[in-house]
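**Q** Chain by chain, the residues:
There are 2 protein chains.
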Amino acid sequence: MDRDGAPRVGIVGGGQLARMSAAPAAALGIGLRVLSASAADSAAQVIHDVHVGDHDDLAALRQFATGCDVVTFDHEHVPPAHLEQLEAMGVAVRPGPSALFHAQDKIHMRQSLTDIGVRCPRWRVVSAVDHVVDFADETGWPLVLKTSRGGYDGRGVWTVDSAEQAADVLSVPLAPGSQWLAEERIDFVQELSAQVARSPLGQAVAYPVVRTVQKGGICAEVVAPAPGLASARAVQAQEMALRIAGDLNVTGMLAVEMFDDGHDLFVNELAMRPHNSGHWSIEGAVTSQFENHLRAVLDLPLGNPAAIAPYSVMVNILGGDVGDLYSAYRHVLARDPAVKVHLYGKQVRPGRKVGHVTVVGDDYEELLRRGRHAADYFAGVIDE
Amino acid sequence: MDRDGAPRVGIVGGGQLARMSAAPAAALGIGLRVLSASAADSAAQVIHDVHVGDHDDLAALRQFATGCDVVTFDHEHVPPAHLEQLEAMGVAVRPGPSALFHAQDKIHMRQSLTDIGVRCPRWRVVSAVDHVVDFADETGWPLVLKTSRGGYDGRGVWTVDSAEQAADVLSVPLAPGSQWLAEERIDFVQELSAQVARSPLGQAVAYPVVRTVQKGGICAEVVAPAPGLASARAVQAQEMALRIAGDLNVTGMLAVEMFDDGHDLFVNELAMRPHNSGHWSIEGAVTSQFENHLRAVLDLPLGNPAAIAPYSVMVNILGGDVGDLYSAYRHVLARDPAVKVHLYGKQVRPGRKVGHVTVVGDDYEELLRRGRHAADYFAGVIDE
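Which chain is which? The protein sequence lines are A and B, in order. Position 35 of the first sequence, counting from 1, maps to 35 under the numbering used here, and the rest follow consecutively. Each number in the numbering used here comes from the position in the second sequence (counting from 1) with 1000 added on.
No lab work stands behind these hints: they were computed from the structure. Where is the CB? At the ideal position from N, CA and C, for every residue including glycine. You may find that some hints are simply not true.
Stated by the list, open to error - Among the chain A residues that face chain B by a calculated CB cut under 10 Å, a handful are:
1) Ala25
2) Ala26
3) Thr287
4) Ala334
Working from the sequences, and respecting the hints, build out all of it.
**A** So, in structure tokens, the structure goes:
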């Protein structure tokens, strides 16, 4: 316990999700510690209590967790066996290792969702091209091949249109413990994300369902709530997310990414932490996903997830040719005094998420124009 | 300059104002350093780059300022001569020493405001009881006696009703450089605060004018905007604040506390930094006072100061008998999922500002009830 009875939360991973958790932790007076691979990482620049160490180094994890009341995550890469060791030390790990494993292994996730009756794209574990061809006889081409572990932001995911292409993908070496997963390609009209927070006591709240737009497998834009989504469909998505959180015993934030094919919803991915599709909530909701994640893992009563305005739009800033993001401020901030900018302190590399902008208001198309303009200016795509 | 061209801002003082500046600094990707009297101070707990040292130790100030692009303040206590030394080092000091001196010396402030024609309570420098009695012949009793330097949160201010009471006050020893100031007591109908941000380039924005309620000289509550304040009167208050900021060459946030006697406005105090009367802006405005202070001292374009809802109410949490503030969370957060809590990580002492709560919505009387309930529960004044 920290001063005045406040607990300390430890976040494994020093990325932008940990960085954005610092504001609500400071507001709530909660101690915050980060385990960061480097002292220069995004979160390590702004959080006071930084441990430098690797997430797969058990000794570093144990030292980091000593003095933390709860350990939670910026990413899903910590080996489950290490987390069980932390639990054995008496530290609460939230989400727990068995829940988190669903976000670490896509085959385990697909099996559990299938077991509890949640609709997913048709899927099959494959290890050779003829398995893929057999599967394609049922689903048709193109289909999707994924590695069961280690992929994110479009890495580890391929769309293939033929046995030849499948053979090329299957020749990529797999990481230890990883397998190939073939999935039906859903011809979606939009992608959605349904986020919920759930506490160990079982209290849960559902955020407005948002539309996400991916480019090259990376989230590019989010509109909250999803424009034109029928109320019944939005409630269906929220119910699916609440059911998954409960049945899989998730604690903290859960993001359920879904395909909407115009008739039904299919679960694509799960993330058990704050998620890019919820960054809009910092300015756009009464309680941000970062605050509710902290509240949930501490088993505090959850905050109101309602939107404060008709629409919020978030646009990611992807690294471009301009290394000096700060130089864009004079133009971006003067052009739009209401745009909210978040830069993550990350070295700019082409295509890397280095920040995001959020705009809140009534007309989502206007908000999209403003958000895209600001993000494009940071990325150097436009210069006026 | 920090990584990726971002500058570093140094804040002198480790109180809650520096602490609440951490969130917008991290969002904007601006480097933040704090000079804190102790490693346990409010801001030092949450900011990564902490220098421990005293604000009146020139060597500590110089070491702290080395590597900062701009130095600004959590409080007004730095000796002006020290600030001139920092400027001589090539560090931008914002607000500059000559502007800041108005917030350090109430006689200097009264003289400058009088010179530029801003209405204040009648005032006179006094050094003996007969001066006070002469002044009272013009203004009547009671009147207000203040020390010109060093007072805050009701300290250094007395209301006296007679020559005998004045004599008692004047027997209090003055700090070096301080003098006695006698002021007319304004029979006000409400107290207002008008906040503006102003950049070195001269851009300025005005926040909605708020009503403040003081108890025992300490700010207790703020309602934004001031309920029932006529639009013309609000504009008058904003114009006064903008004029003072311009004429006194203030950079950063300026708070102008005013008395409204139902007929006219009288300037009470100035603060050249984020101010308790603007804490509502974290959740209640598009751009918080903390973000606009950073933008202003960096000479970046200022953010939109508009309110996001009809009303915001802020209630301070004053220390009571309960040392463990965290223990109140289970009740406070469950009772009102939309209340926003800010705890400052400060040791609880009776009457000390240890946090605040903000609620945003349509009906300010309902918001006041909710805000007071949460603050009273933290303070231990109520237990249900």
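**Q** Decide, hint by hint, whether the structure agrees.
**A** Status of the hints after comparison with the structure:
Interface hint status for alanine 25 (chain A): upheld, as the beta-carbon distance to the closest one in chain B is roughly 8 Å, under 10 Å. This hint holds: alanine 26 (chain A) has a C-beta 4 Å from the nearest C-beta of chain B, less than the 10 Å allowed. For threonine 287 (chain A), the interface hint holds, the least distance from its beta-carbon to any beta-carbon of chain B being 7 Å, beneath 10 Å. Contact between alanine 334 (chain A) and chain B, as hinted, is supported at the beta carbon level, the nearest pair being about 4 Å apart and thus within 10 Å.
Violated hints are absent here; each numbered hint is respected by the structure.
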